[in-house]
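Counting in the working numbering, the sequence shown runs from 41 upward without gaps.
Hints in this document: simulated from the structure, not taken from any laboratory. Bear in mind that the values here come from a model prediction, so they are computed numbers and not experimental data. Don't take each hint at face value.
[Said to hold, decoys possible] Listed next, the in silico DSS-like pairs over lysine-lysine satisfying Cα-Cα at most 27 Å (straight line):
hint: 1; residue 1: LYS526; residue 2: LYS592
hint: 2; residue 1: LYS324; residue 2: LYS225
hint: 3; residue 1: LYS388; residue 2: LYS320
hint: 4; residue 1: LYS238; residue 2: LYS324
hint: 5; residue 1: LYS225; residue 2: LYS214
hint: 6; residue 1: LYS347; residue 2: LYS324
hint: 7; residue 1: LYS238; residue 2: LYS526
hint: 8; residue 1: LYS320; residue 2: LYS487
hint: 9; residue 1: LYS526; residue 2: LYS324
hint: 10; residue 1: LYS184; residue 2: LYS225
hint: 11; residue 1: LYS599; residue 2: LYS526
hint: 12; residue 1: LYS487; residue 2: LYS388
hint: 13; residue 1: LYS67; residue 2: LYS238
[Stated by the list, open to error] What follows is a set of in silico ranges between Cβ atoms, one per label pair, in the way DEER data are often shown:
hint: 14; residue 1: GLU489; residue 2: ALA594; range: 52 to 62 Å
hint: 15; residue 1: LYS588; residue 2: LEU444; range: 46 to 56 Å
hint: 16; residue 1: LYS592; residue 2: ASP545; range: 14 to 24 Å
Ideal placement from N, C-alpha and C gives every residue a C-beta, glycine not left out.
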Amino acid sequence: MRARRLAALGLLAPLLGAAEPVGQDEKILAAMRSELSRSTTELVLPGAPKPYYVGYWVVDSSERSVEATLGAVVSDETSRDRAVKVEVRVGTPESDNSNFAGNLAADGDFVREAELISPTPAPLDDDDLGVRRALWLATDGAYKGAVEVLERKRAAKRSEVASKTDVPSFSTEKPATTIEHDAPKLAAGGDPAALARKVSAVFRSFPEVQRSDVHVLETTTKKRFVSSEGSSAVETAVFAGVEVTCSGQAEDGMPLERTAFVAAKIGEPIPEAAALSEAKRIGKELVELVHAPLVEDYAGPVLFEGKAAAQLVYELLGEALSGTPAPEGNEELEGPLARKLGRRVLPKGFTVFDDPTLRTWQGAPLLGAYLVDDEGMPSTRAPLVDDGRLTGFLMSRTPREGVLHSNGHGRSGLVGWAHGRVGNLFVEAKGGLPRSELRRRLARAAKDEGESAALVITELEPRTTATSGDIVPGAQVAYRIGADGKETLVRGAQIADLSVRDLRDVLATGSERALYGFLAESQGGLDVGVSVVAPSLLLEDVEVRGQKSPNKRAPVVPKPPMDPAPAK
Numbered sequence: 041m042r043a044r045r046l047a048a049l050g051l052l053a054p055l056l057g058a059a060e061p062v063g064q065d066e067k068i069l070a071a072m073r074s075e076l077s078r079s080t081t082e083l084v085l086p087g088a089p090k091p092y093y094v095g096y097w098v099v100d101s102s103e104r105s106v107e108a109t110l111g112a113v114v115s116d117e118t119s120r121d122r123a124v125k126v127e128v129r130v131g132t133p134e135s136d137n138s139n140f141a142g143n144l145a146a147d148g149d150f151v152r153e154a155e156l157i158s159p160t161p162a163p164l165d166d167d168d169l170g171v172r173r174a175l176w177l178a179t180d181g182a183y184k185g186a187v188e189v190l191e192r193k194r195a196a197k198r199s200e201v202a203s204k205t206d207v208p209s210f211s212t213e214k215p216a217t218t219i220e221h222d223a224p225k226l227a228a229g230g231d232p233a234a235l236a237r238k239v240s241a242v243f244r245s246f247p248e249v250q251r252s253d254v255h256v257l258e259t260t261t262k263k264r265f266v267s268s269e270g271s272s273a274v275e276t277a278v279f280a281g282v283e284v285t286c287s288g289q290a291e292d293g294m295p296l297e298r299t300a301f302v303a304a305k306i307g308e309p310i311p312e313a314a315a316l317s318e319a320k321r322i323g324k325e326l327v328e329l330v331h332a333p334l335v336e337d338y339a340g341p342v343l344f345e346g347k348a349a350a351q352l353v354y355e356l357l358g359e360a361l362s363g364t365p366a367p368e369g370n371e372e373l374e375g376p377l378a379r380k381l382g383r384r385v386l387p388k389g390f391t392v393f394d395d396p397t398l399r400t401w402q403g404a405p406l407l408g409a410y411l412v413d414d415e416g417m418p419s420t421r422a423p424l425v426d427d428g429r430l431t432g433f434l435m436s437r438t439p440r441e442g443v444l445h446s447n448g449h450g451r452s453g454l455v456g457w458a459h460g461r462v463g464n465l466f467v468e469a470k471g472g473l474p475r476s477e478l479r480r481r482l483a484r485a486a487k488d489e490g491e492s493a494a495l496v497i498t499e500l501e502p503r504t505t506a507t508s509g510d511i512v513p514g515a516q517v518a519y520r521i522g523a524d525g526k527e528t529l530v531r532g533a534q535i536a537d538l539s540v541r542d543l544r545d546v547l548a549t550g551s552e553r554a555l556y557g558f559l560a561e562s563q564g565g566l567d568v569g570v571s572v573v574a575p576s577l578l579l580e581d582v583e584v585r586g587q588k589s590p591n592k593r594a595p596v597v598p599k600p601p602m603d604p605a606p607a608k
């Protein structure tokens, strides 16, 4: 499960305060600094440049992961790990080995960023020699790879005619020391296995559910960082949560799935009542979807309500707001907002910002909270859109034209170079309408387009990465709203041809906002936590198509009978 990989790297939970490291942390930091000093003074190949920047991470993680189905535990695993990550830059801050697409070695083998900058195992014991040996080996490999990439990058530049303004490869920032105070801890006394059994037993009462899974995860992670610039950080993250999934098939064979996710507040147990409620909710919704009619092809106004609006915001803006430029040699991958700074990208009255320093919103935990980013920079609130105009980007230490400094949003999941990524993204809009009025506005818009009915989408398919609308997720929960106001649940709605530009023409917004927390893919297959808060959005012209592809047959033999009694 994606949550396991994410939490193992400590990227879901917020951190606390600042103080001097003590005991174990200081011992490991001292070993890191000792090896860092050797690397910056002695590491050099004949005829090659020395490193001008080296950064070290040492990451400890412990995890309890329990999976259950229908009241029975399927797996129960406990693990402890330590890994080191090394980042080496050669050349100069104006032009170094980073952010280059031409990573093709002389022998034709592809040199991936994940091979040059990725975690490697280290001894769990706090042994100076063991930690330094792991860092030494990782540094040697990272340095040799960095020299090779820089040579190819320089060769590529010599063969090109300059067509754009050069910007530095690496921003100049003030060294920062960010040490946590009073490390957060998991709530004591919980039993993940008992919770997994109890929540998964809910689906014994839903015969239409073919498959169901409950995954309970508890993890504690400590990250330590030092750099040749003098920055250092120590942060601890704890996470406790449960993911619930159920799936089935309609009579025509269409596969259907519903998923829910419940996260605990820092230091509190997973709320059992909320987990049970969510399991019952998605089980009931799956049963209704199994018997729901197929959606008909439609083109007109669509209301993205509640969670679906936050999902749509991430799909269209999540990657587009990144300020990290496309890798040199792959400029065609430039994002849709790359040249829109200062221009209107949303309707007037819209404000967008990202704030990883916030730990909760209306009492709910924010999964995108963190104290320092994956370049050791303190997290900050980043203004992005003001009154509809794009005013900024999510920045790592890779500059772009017009934006030369980090705002603490460099995130990598500890693999590859850090990129500007969403943490806790907030969308606000003036003049929002109550839910009932927003639906009446939808009905009027549909009538003006000559449609006898309209669509309301309340949840989209889960998505682990945003595509800026290239592949819009389908609707998991959608309703057809007739002229008389009658709602009919429909299935199979596929959304086509949306882009960032469609957000310029939002007809109306809701007065209430919804929170969506999830796990976004990052480079190398690791995940980072993200939260999005947004109001409901009424879009003027959306094309929706019903499913046309054939489905697999349902199981030939009927499912075995189940006792709906809860598990013991």
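Any hints from earlier that this structure breaks? Give me their numbers in increasing order, please. 1, 2, 3, 5, 7, 8, 10, 11, 13, 14, 16
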